[in-house]
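These protein sequence lines are chains E and U, in that order.
For what it's worth, the working numbering labels the leading residue of the first sequence as 1, then goes sequentially.
For what it's worth, the working numbering labels the leading residue of the second sequence as 77, then goes sequentially.
None of these hints come from the bench; they were simulated from the model.
A hint or two may mislead.
[Unchecked claim] Below, a list of computed lysine-lysine pairs in the DSBU-like style, where the Cα atoms sit at most 30 Å apart:
(1) E:Lys16 x U:Lys144
(2) U:Lys92 x U:Lys125
(3) E:Lys64 x U:Lys140
[What the hints assert, rightly or not] Which residues of chain E face chain U? A partial, calculated answer using Cβ under 7 Å:
(4) Lys28
(5) Val29
(6) Glu30
(7) Ile31
(8) Ile32
(9) Pro33
(10) Ala34
(11) Glu39
(12) Ser41
(13) Pro58
(14) Met70
(15) Met71
(16) Ser73
(17) Arg74
(18) Arg75
For each residue, glycine too, the CB sits at the ideal point set by N, CA and C.
Protein chains: 2
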Amino acid sequence: VSLRGLGMELRCRCIKTESRQIGRYIQKVEIIPANSHCEESEIIATLKKTGQEVCLDPEAPWVKKVIKRMMSSRRR
Amino acid sequence: VSLRGLGMELRCRCIKTESRQIGRYIQKVEIIPANSHCEESEIIATLKKTGQEVCLDPEAPWVKKVIKRMMSSRRR
Numbered sequence: 001v002s003l004r005g006l007g008m009e010l011r012c013r014c015i016k017t018e019s020r021q022i023g024r025y026i027q028k029v030e031i032i033p034a035n036s037h038c039e040e041s042e043i044i045a046t047l048k049k050t051g052q053e054v055c056l057d058p059e060a061p062w063v064k065k066v067i068k069r070m071m072s073s074r075r076r
Numbered sequence: 077v078s079l080r081g082l083g084m085e086l087r088c089r090c091i092k093t094e095s096r097q098i099g100r101y102i103q104k105v106e107i108i109p110a111n112s113h114c115e116e117s118e119i120i121a122t123l124k125k126t127g128q129e130v131c132l133d134p135e136a137p138w139v140k141k142v143i144k145r146m147m148s149s150r151r152r
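Using the sequences and the hints, build the whole thing.
Listed below in structure tokens is the structure:
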């Protein structure tokens, strides 16, 4: 079983991060902490309509706010 | 293209959540906000060694702490 098969990334997945505040277009996010292959944590958002993956800056205040809101969201 | 193919889940993915504090075993997490198919936000952690997926309680303080730490982690 390749490490890749286990979902283990062998390098950083993000080259650049999205600076526009795209919170409302995000369907879900994946948070990958720093590990032996990538020395910074990475946040990868999947967009609603297209399923496109976009990297977000873990340090950006708007990203932290979006994630906090996603964790406590309930359907109204 | 099936919705499933777009990574869109058509129902809740979590039946129960892990109560033990397994932070150090987590390789990455996925956060899915409440949506038309599932009325509560869900957090799915992938474990390091096995690649097993485990659901975490978005309201649990230890989960919030783990996610905060994952977002600001840098390799020492």
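Hint check:
For a cut-off of 30 Å, the pair hint linking Lys16 of chain E to Lys144 of chain U stands: about 21 Å separates their Cα positions. A hinted pair counts as satisfied when its Cα atoms are at most 30 Å apart, and Lys92 of chain U with Lys125 of chain U qualifies at roughly 21 Å. Under the criterion of a C-alpha separation no larger than 30 Å, the hint pairing Lys64 of chain E with Lys140 of chain U is consistent with the structure, at around 12 Å. Using the Cβ-Cβ criterion of 7 Å, the hint placing Lys28 of chain E at the interface with chain U is satisfied: the shortest such distance is roughly 4 Å.
The beta carbon of Val29 of chain E comes within 5 Å of a beta carbon in chain U, closer than 7 Å, and the hint placing it at the interface holds. Interface hint status for Glu30 of chain E: upheld, as the beta-carbon distance to the closest one in chain U is roughly 5 Å, under 7 Å. Because the smallest distance between the Cβ of Ile31 of chain E and any Cβ of chain U comes to about 5 Å, under 7 Å, the interface hint for this residue holds. At a threshold of 7 Å, the smallest CB-CB gap from Ile32 of chain E to chain U is about 4 Å, leaving the interface hint in force.
Evaluation of the Pro33 of chain E hint against chain U yields a held restraint, the C-beta minimum of about 4 Å falling below 7 Å. Residue-level restraint check for Ala34 of chain E holds (minimum Cβ-Cβ distance to chain U is 4 Å; threshold 7 Å). Taking 7 Å as the C-beta contact cut-off toward chain U, the hint placing Glu39 of chain E at the interface holds, the least distance being around 4 Å. Hint on Ser41 of chain E holds. Least Cβ distance to chain U is approximately 5 Å, under the 7 Å limit.
With a cut of 7 Å, the hint placing Pro58 of chain E at the interface with chain U holds, because the nearest CB-to-CB distance is about 5 Å. Satisfaction of the interface hint for Met70 of chain E is found here, the shortest Cβ-Cβ separation to chain U being roughly 4 Å, below the 7 Å cut-off. For the restraint placing Met71 of chain E at the interface with chain U, the shortest Cβ-Cβ distance is roughly 5 Å, inside the 7 Å limit, so the hint holds. With 7 Å as the threshold, the beta carbon of Ser73 of chain E comes within range of chain U, its nearest partner Cβ sitting at about 4 Å, so the hint holds.
With a least beta-carbon distance of about 5 Å to chain U, the hint placing Arg74 of chain E at the interface is held under the 7 Å criterion. The criterion of a C-beta within 7 Å of any C-beta in chain U is met by Arg75 of chain E, whose closest approach is roughly 4 Å, and the hint holds.
Violation of the numbered hints given earlier is absent; every hint is satisfied by the structure.
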